[in-house]
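Engineer: Given next are the chains, with one letter for each unit.
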Amino acid sequence: MSQKSEKLIDKKGLRLDGRKPDQLRPIKIEVAILANADGSAYIQQGKNKILAAVYGPKEAHPKHLSLPDRTRLRCRYHMAPFSVQERKSPAPSRRERELSKVIRESLEPSIFLEYYPRTSIDIFIEVLQADGGTRCASITAASLALADAGIPMRDLVAACAAGKIDDTIVLDLMDTEDKKGGADVPVALMSNLNAITLLQMDGTLSLKEFEKAVNLALKGCMKIYALQKEALKAKYMNVKEAAKE
Amino acid sequence: MSSIVVRVKKKQIEQLIAKGKRLDGRGLTDYREIQIEQGVVERAEGSARVLLGKTEVLAGIKIEVGTPYSDTPNEGVLTVNAELVPLASPTFEPGPPSENAIELARVVDRGIRESKAIDLEKLCIKPGKKVFIVFVDVYVLNHDGNLIDASALAALAALLNTKMFNYELEEDDVKIKPGRKPLPIRKHPIAITCAKINGKLVVDPWLEEEQIMDARLTMTTDDDGNICAIQKGGSGWFTSKQVLETAKIAKEKAKELRKKLVKA
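Residue numbers (numbering that gives the first Met the number 0), protein chains in the order written: chain Y, 0 to 244; chain G, 0 to 263.
It is worth saying that the hints were derived from the structure and are not from the lab. Idealized CB from N, CA, C, for every residue including glycine. Misleading hints may appear alongside valid ones.
[To be verified] Heads up, simulated BS3-like pairs for lysine-lysine below, C-alpha to C-alpha not over 27 Å straight-line:
{"id": "1", "chain 1": "G", "residue 1": "Lys254", "chain 2": "Y", "residue 2": "Lys207"}
{"id": "2", "chain 1": "Y", "residue 1": "Lys218", "chain 2": "G", "residue 2": "Lys121"}
{"id": "3", "chain 1": "G", "residue 1": "Lys254", "chain 2": "Y", "residue 2": "Lys211"}
{"id": "4", "chain 1": "Y", "residue 1": "Lys179", "chain 2": "G", "residue 2": "Lys129"}
{"id": "5", "chain 1": "G", "residue 1": "Lys121", "chain 2": "G", "residue 2": "Lys180"}
{"id": "6", "chain 1": "G", "residue 1": "Lys174", "chain 2": "G", "residue 2": "Lys199"}
{"id": "7", "chain 1": "Y", "residue 1": "Lys19", "chain 2": "Y", "residue 2": "Lys222"}
{"id": "8", "chain 1": "Y", "residue 1": "Lys87", "chain 2": "G", "residue 2": "Lys254"}
{"id": "9", "chain 1": "Y", "residue 1": "Lys207", "chain 2": "G", "residue 2": "Lys10"}
{"id": "10", "chain 1": "G", "residue 1": "Lys180", "chain 2": "Y", "residue 2": "Lys207"}
[What the hints assert, rightly or not] Non-contacting residues of chain Y with respect to chain G, defined by C-beta distances greater than 10 Å in every case (computed):
{"id": "11", "residue": "Leu7"}
{"id": "12", "residue": "Phe81"}
{"id": "13", "residue": "Glu107"}
{"id": "14", "residue": "Pro116"}
{"id": "15", "residue": "Gln199"}
{"id": "16", "residue": "Met200"}
{"id": "17", "residue": "Asn214"}
Just chain Y, with the same shape it has in the complex (with noise of 0.2 Å):
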């Protein structure tokens, strides 16, 4: 994984897209951007642009995958085949199909599944255009989808990575770097309640470093998670303006 041959952070200590170690790449994010579903969120992380959706609760099909003391959370992580530099196909691949159970699993303990005995809760994920970090950016918006829904919860999630590229502790990976560096953390974080809910690793890091790049992946979360708040806020100055006029 680690190639040495080109230098991932430059003298005065700047990555290859001029950020600083500890800086995200530029968020927008937006909520409610899709008419047919209960809930919808759209983020662009960098060049990850990403979109998220939500149906239910709903009665769950088929029925036997129904619960009797609670929802059943279900979500498909998916990338379109233009995002990415080969053309994918439009199969799941396993990656696909583990990363919608990691996805899945880091939003399920933000909701109140027991509210909805006998239900499901379907959350889409396609990722347009892809460029490291989709998995974090992906959590980030379905989380929003969710609230957006209306779906009562704990709190939002919202996720970012941390790594290593050129034995620096770096914060949102992109692509390149991920590639080439030499570890990523992927996390994701319940604010209000210290709660992490998704910790992956790949590369090596020596315990230090990796207590390091946690700490730095959970400031990461914490920026995102305002940028979640501003973003629902906004949505609902919009239905505001539109209920004036």
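Following the hints, position chain G against chain Y.
Structural biologist: Okay, now just chain G, sitting in the frame of chain Y:
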């Protein structure tokens, strides 16, 4: 997932854990008894059977000649697959791999790949054209919890047991010669899983603990104590303090397991 019997036991399991004890008599950071047996399938290039308490996993290695990935023309290819064989548990069903089987395979894969356990460059026959492909197939034979740790251990034990065939290149054709040599293994990545039950961490959860746990956290560490793979699973959460505690436990426990493996 959890059966009614286990739901009834939930309170009992939690109360015991609050006192630092467990239903099967272990302490919170005790591992179950481990048995490793290598070379159990002669047809495979390498194999190992691991017993972790009553959890039983068989890993087999097959090696074939194939083409490398375009972005790593000088490296052999590692492929990990896991089968949750229906005979291993009433909850496993035949058919295409489930989400759980895919996650299991990918976590085992991540540990071996990211620790660079196999020197893949030594598996290159002709750059960009021909390389060896190492197939690691994990077969779960009895499910009694903590499949990740058992599978990772079985996979590594099987890799250590693997004998590559000797070969020579004859005008682009790989000709197999007599004699065999071991795979170039550089690191011994060991996966350790902790479950969070009622706010406490327990190492190596068995089936009933898995069925009532809030969440699990697996950390794979290499011989130098570096972390090389992590996976959180389950629909609960961890605090950052619990994450760091797990990292420390994983590092210590991995040392114990590595000793057992090298002895085997």
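Engineer: With reference to the structure, classify each hint as holding or not holding.
Structural biologist: Against the structure, the hints come out as follows:
no.	hint	result
1	G:Lys254 / Y:Lys207	holds (18 Å)
2	Y:Lys218 / G:Lys121	violated (41 Å)
3	G:Lys254 / Y:Lys211	holds (23 Å)
4	Y:Lys179 / G:Lys129	holds (24 Å)
5	G:Lys121 / G:Lys180	holds (12 Å)
6	G:Lys174 / G:Lys199	violated (56 Å)
7	Y:Lys19 / Y:Lys222	holds (15 Å)
8	Y:Lys87 / G:Lys254	violated (40 Å)
9	Y:Lys207 / G:Lys10	violated (37 Å)
10	G:Lys180 / Y:Lys207	violated (38 Å)
11	Leu7	holds (17 Å)
12	Phe81	holds (19 Å)
13	Glu107	violated (4 Å)
14	Pro116	holds (15 Å)
15	Gln199	violated (6 Å)
16	Met200	violated (4 Å)
17	Asn214	violated (7 Å)
Taken one by one, the earlier hints fail for this structure at numbers 2, 6, 8, 9, 10, 13, 15, 16, 17, listed in ascending order.
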